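Peer 1: Line by line, the protein sequences give chains S and X. Anchor point for the first sequence: position 85 equals 83 in the numbering used here, and the numbering is continuous, going up by one each time. Going from the second sequence to the numbering used here is simple: count from 1 and add 3.
Calculated from the structure, these hints are not laboratory results. All figures in this text were calculated on a predicted structure; none of them were measured in a lab. A virtual CB, placed ideally from N, CA and C, is assigned to each residue, including glycine. A hint or two may mislead.
Here are the in silico distance ranges between beta carbons for each label pair [claimed, not checked]:
no.: 1; chain 1: S; residue 1: Glu135; chain 2: X; residue 2: Ser7; range: 27 to 37 angstroms
no.: 2; chain 1: X; residue 1: Pro29; chain 2: S; residue 2: Ser30; range: 24 to 34 angstroms
no.: 3; chain 1: S; residue 1: Gly28; chain 2: X; residue 2: Val20; range: 22 to 32 angstroms
Simulated pairs of lysine to any residue, SDA-like, Cα-Cα distance not exceeding 20 angstroms [to be verified]:
no.: 4; chain 1: X; residue 1: Lys10; chain 2: X; residue 2: Arg62
no.: 5; chain 1: X; residue 1: Lys86; chain 2: S; residue 2: Arg111
no.: 6; chain 1: S; residue 1: Lys50; chain 2: X; residue 2: Ile38
no.: 7; chain 1: S; residue 1: Lys9; chain 2: S; residue 2: Ala24
no.: 8; chain 1: S; residue 1: Lys131; chain 2: S; residue 2: Glu3
no.: 9; chain 1: S; residue 1: Lys50; chain 2: S; residue 2: Arg15
no.: 10; chain 1: X; residue 1: Lys86; chain 2: S; residue 2: Ala24
no.: 11; chain 1: X; residue 1: Lys86; chain 2: S; residue 2: Met71
no.: 12; chain 1: S; residue 1: Lys131; chain 2: X; residue 2: Ile93
no.: 13; chain 1: X; residue 1: Lys98; chain 2: S; residue 2: Arg121
no.: 14; chain 1: X; residue 1: Lys86; chain 2: S; residue 2: Asn0
no.: 15; chain 1: X; residue 1: Lys98; chain 2: S; residue 2: Asp92
no.: 16; chain 1: S; residue 1: Lys50; chain 2: X; residue 2: Pro29
no.: 17; chain 1: X; residue 1: Lys86; chain 2: S; residue 2: Leu134
no.: 18; chain 1: S; residue 1: Lys9; chain 2: X; residue 2: Pro29
no.: 19; chain 1: X; residue 1: Lys69; chain 2: S; residue 2: Ala95
no.: 20; chain 1: S; residue 1: Lys9; chain 2: S; residue 2: Lys131
no.: 21; chain 1: X; residue 1: Lys86; chain 2: S; residue 2: Asp32
no.: 22; chain 1: X; residue 1: Lys98; chain 2: S; residue 2: Asn112
no.: 23; chain 1: X; residue 1: Lys86; chain 2: S; residue 2: Met114
no.: 24; chain 1: S; residue 1: Lys131; chain 2: X; residue 2: Ile38
no.: 25; chain 1: X; residue 1: Lys69; chain 2: S; residue 2: Asp94
no.: 26; chain 1: X; residue 1: Lys86; chain 2: S; residue 2: Tyr51
no.: 27; chain 1: S; residue 1: Lys50; chain 2: X; residue 2: Arg62
no.: 28; chain 1: X; residue 1: Lys69; chain 2: X; residue 2: Lys86
no.: 29; chain 1: S; residue 1: Lys131; chain 2: S; residue 2: Lys50
no.: 30; chain 1: S; residue 1: Lys9; chain 2: S; residue 2: Met71
no.: 31; chain 1: X; residue 1: Lys98; chain 2: S; residue 2: Asp94
no.: 32; chain 1: X; residue 1: Lys86; chain 2: S; residue 2: Asn112
no.: 33; chain 1: X; residue 1: Lys86; chain 2: S; residue 2: Ala21
no.: 34; chain 1: X; residue 1: Lys86; chain 2: S; residue 2: Gly28
no.: 35; chain 1: X; residue 1: Lys69; chain 2: S; residue 2: Val93
no.: 36; chain 1: S; residue 1: Lys9; chain 2: X; residue 2: Asp30
no.: 37; chain 1: X; residue 1: Lys86; chain 2: S; residue 2: Val93
no.: 38; chain 1: X; residue 1: Lys86; chain 2: S; residue 2: Val34
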Amino acid sequence: MNAVETSILNKIRDLSRMPELVAQFAEQHGLSEDVVFGMNVALDEMLSNIIKYGYADDAIHEIHVRLSVSGRMLVAEIEDDGQPFDPCAAGPVDVDAPLEERKVGGLGIHIVRNLMAEVGYARVADRNRLVMKMLLEPATKEGIHGTE
Amino acid sequence: MELSERKDNDVTVLEVVGRVDSVTSPDLGTRLTSILSTPPRKVLIDFGRLEYISSAGFRVLFLASKQAGESGGRLALCGLSAKALELFSIAGFLKLFTIAPSRAEGIAALR
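Take the sequences, apply the hints, and build the full model.
Peer 2: Spelled out as structure tokens, the structure:
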């Protein structure tokens, strides 16, 4: 099968399951160490934001994560039933500003935007749906095999 | 994440193995706070076996660097991979830290 998926609870410690999911998927698809590094970082940033700031109550919630490959992209889809939050609408982050003055969660979103080729958001049926797409190989390496 | 500490005269070398993320960074923060609260407050963090670091880890490093600055301590990093350095650059953290290629150079930078 071309995808792996799992659900985690809205507990920070549950995030420790994600790197195993990424590793399992990376092995199936022969993903590079850099892609694994980037996807692990992006998932930690986005999922920890949802867990820390996404819910107005103290109840247990499930967050759904799915990884797949589409063309030359690794695609991560995250779905949660938290408060509406569009990370794509967050303003630019001044990485030269003192850390204390930066907005909560802003650095993580800034990092994700830099690592990903595309980040998309939609609110569907009272759920947040985030899609992150990452290039499987850096653009500069594409010519190596193409010219052989 | 696993942490191991060893002394090189006045410098504490803290080796970080594995992931530094939302789950593990509090433990790294606790260890750094502890090392930096006792003189001579010099820490070299060896990231040679780092799997990845997220912004939760950057925050912990920043707070440790601040603690070091306020207490007359010093903090340096070594062993970062090209990918990790790229992330430090994206986050705007390259200039906040003393970053050395090797452990020996990191120790030298703290003296």
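Peer 1: Evaluate each hint against the coordinates.
Peer 2: Right, here's what the structure says about each hint:
1. S:Glu135 / X:Ser7: 27 to 37 angstroms: holds (35 angstroms)
2. X:Pro29 / S:Ser30: 24 to 34 angstroms: The hinted range 24 to 34 angstroms holds for X:Pro29 and S:Ser30, with Cβ atoms some 30 angstroms apart.
3. S:Gly28 / X:Val20: 22 to 32 angstroms: holds (25 angstroms)
4. X:Lys10 / X:Arg62: Cα-Cα ~25 angstroms, so violated.
5. X:Lys86 / S:Arg111: holds (16 angstroms)
6. S:Lys50 / X:Ile38: violated (28 angstroms)
7. S:Lys9 / S:Ala24: violated (25 angstroms)
8. S:Lys131 / S:Glu3: Judged against 20 angstroms, a Cα distance of about 16 angstroms means the pair holds.
9. S:Lys50 / S:Arg15: holds (17 angstroms)
10. X:Lys86 / S:Ala24: holds (17 angstroms)
11. X:Lys86 / S:Met71: holds (19 angstroms)
12. S:Lys131 / X:Ile93: holds (18 angstroms)
13. X:Lys98 / S:Arg121: Violated, at about 38 angstroms.
14. X:Lys86 / S:Asn0: Violated: X:Lys86 and S:Asn0 sit about 27 angstroms apart, past 20 angstroms.
15. X:Lys98 / S:Asp92: Holds. X:Lys98 to S:Asp92 sits at ~14 angstroms (cutoff 20 angstroms).
16. S:Lys50 / X:Pro29: Holds, at roughly 15 angstroms.
17. X:Lys86 / S:Leu134: Holds, at about 14 angstroms.
18. S:Lys9 / X:Pro29: holds (15 angstroms)
19. X:Lys69 / S:Ala95: Given pair X:Lys69, S:Ala95 holds - Cα atoms ~15 angstroms apart, limit 20 angstroms.
20. S:Lys9 / S:Lys131: Outside the cut-off at roughly 25 angstroms; violated.
21. X:Lys86 / S:Asp32: holds (7 angstroms)
22. X:Lys98 / S:Asn112: Judged against 20 angstroms, a Cα distance of about 18 angstroms means the pair holds.
23. X:Lys86 / S:Met114: holds (14 angstroms)
24. S:Lys131 / X:Ile38: The hint is violated at about 40 angstroms.
25. X:Lys69 / S:Asp94: holds (16 angstroms)
26. X:Lys86 / S:Tyr51: violated (28 angstroms)
27. S:Lys50 / X:Arg62: holds (15 angstroms)
28. X:Lys69 / X:Lys86: The hint is violated at about 25 angstroms.
29. S:Lys131 / S:Lys50: violated (23 angstroms)
30. S:Lys9 / S:Met71: violated (29 angstroms)
31. X:Lys98 / S:Asp94: holds (10 angstroms)
32. X:Lys86 / S:Asn112: holds (13 angstroms)
33. X:Lys86 / S:Ala21: holds (17 angstroms)
34. X:Lys86 / S:Gly28: holds (18 angstroms)
35. X:Lys69 / S:Val93: Distance ~17 angstroms between X:Lys69 and S:Val93 Cα, so the pair holds.
36. S:Lys9 / X:Asp30: holds (17 angstroms)
37. X:Lys86 / S:Val93: Measuring from Cα to Cα gives roughly 18 angstroms; hence the hint holds.
38. X:Lys86 / S:Val34: Holds. X:Lys86 to S:Val34 sits at ~11 angstroms (cutoff 20 angstroms).
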